[in-house]
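Trainee: Spelled out from the first residue to the last, the chains are:
Number of protein chains: 2
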Amino acid sequence: MKPYQHPTFDQITLTGLLHALSDPVRLNFVQCLATKMCEQPCGAIPTPVAKSTMSHHLRVLREAGIVRIRTEGTQSLTSLRLAEIEAKFPGVLEAVLKAAEAEKPLEQHS
Amino acid sequence: MKPYQHPTFDQITLTGLLHALSDPVRLNFVQCLATKMCEQPCGAIPTPVAKSTMSHHLRVLREAGIVRIRTEGTQSLTSLRLAEIEAKFPGVLEAVLKAAEAEKPLEQHS
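Residue numbers (full-length UniProt numbering), protein chains in the order written: chain C, 1 to 110; chain V, 1 to 110.
The set of hints was computed from the structure by calculation and includes no laboratory data.
A hint or two may mislead.
Said to hold, decoys possible - Footprint (simulated), chain C over chain V, 3 or more residues, beta carbon under 8 Å: (1) 11-22; (2) 86-97.
Unchecked claim - Keeping only pairs whose Cα atoms sit at most 27 Å apart, straight-line, the calculated DSSO-like set for lysine-lysine is: (3) Lys-98(C) - Lys-88(C); (4) Lys-51(V) - Lys-36(V); (5) Lys-88(C) - Lys-36(C); (6) Lys-104(C) - Lys-36(C); (7) Lys-98(V) - Lys-88(V); (8) Lys-36(C) - Lys-2(C); (9) Lys-36(V) - Lys-98(V); (10) Lys-98(V) - Lys-88(C); (11) Lys-88(C) - Lys-51(V); (12) Lys-104(V) - Lys-88(C); (13) Lys-98(V) - Lys-104(C); (14) Lys-98(C) - Lys-98(V); (15) Lys-88(C) - Lys-88(V); (16) Lys-88(V) - Lys-36(V); (17) Lys-104(V) - Lys-51(V); (18) Lys-36(C) - Lys-51(C); (19) Lys-88(V) - Lys-104(C); (20) Lys-104(C) - Lys-51(C); (21) Lys-88(V) - Lys-51(V); (22) Lys-104(V) - Lys-36(V); (23) Lys-88(V) - Lys-98(C); (24) Lys-51(V) - Lys-98(C); (25) Lys-36(V) - Lys-2(V).
What the hints assert, rightly or not - Cβ pair distances, simulated, as ranges: (26) Ala-87(V) - Leu-82(C): 46 to 56 Å; (27) Glu-84(C) - Pro-105(V): 15 to 25 Å; (28) Leu-77(C) - Ser-79(V): 43 to 53 Å; (29) Leu-106(C) - Ala-50(V): 40 to 50 Å.
Here a beta-carbon is modelled for each residue, glycine too, at the ideal position from N, C-alpha and C.
Please take these sequences and the hints and turn them into a complete structure.
Mentor: Given below as structure tokens:
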């Protein structure tokens, strides 16, 4: 399996970040990932969409610089690039995740 | 001229807000509008796109609940719905505008 490509810190843009977070499925995924302290197998986070659709969403999140994905054996492990995003756009992701939680708490997600 | 339709406070969604801000032209427009203390004629804010394209962008911003547009005679006047957005999604727009300014200060815009 080819290693995943990721944008460098300098390549991450604010509009790219906002676009990636502007989809309910992707925002929900990032919300779930943010509650975990370590990288997660992609299948460990429940999503309401087909696997192929989720692959697309993960690609958008990876290309926007929000998640890092690496393979280990046959598994893909995903983690948030929280420190980098916070360093680049202070307060943005935190405020978005707080607003997302206020609008639709994770417990209520199907 | 028909009055413009606007979403109510309850109809404004976080993903709609993020989507509307995820375009560089729209984000730049909101950045400019945020520096003004009062509503602006649409033509008063310089944009790098054709008038018809800007009409589309303004519609996206209006339908997302970010701007309010009203007509006065033959003029359309635009204002940010800053207080409502802050009440609904505390800190989000402020953090986004700060990050936008850090990434691309308004002075550097063409």
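Trainee: Check each numbered hint from earlier against the structure, then list the numbers of those it violates in ascending order.
Mentor: Checked against the structure, the hints that fail are numbers 11, 21, 24, 26, while the rest are satisfied.
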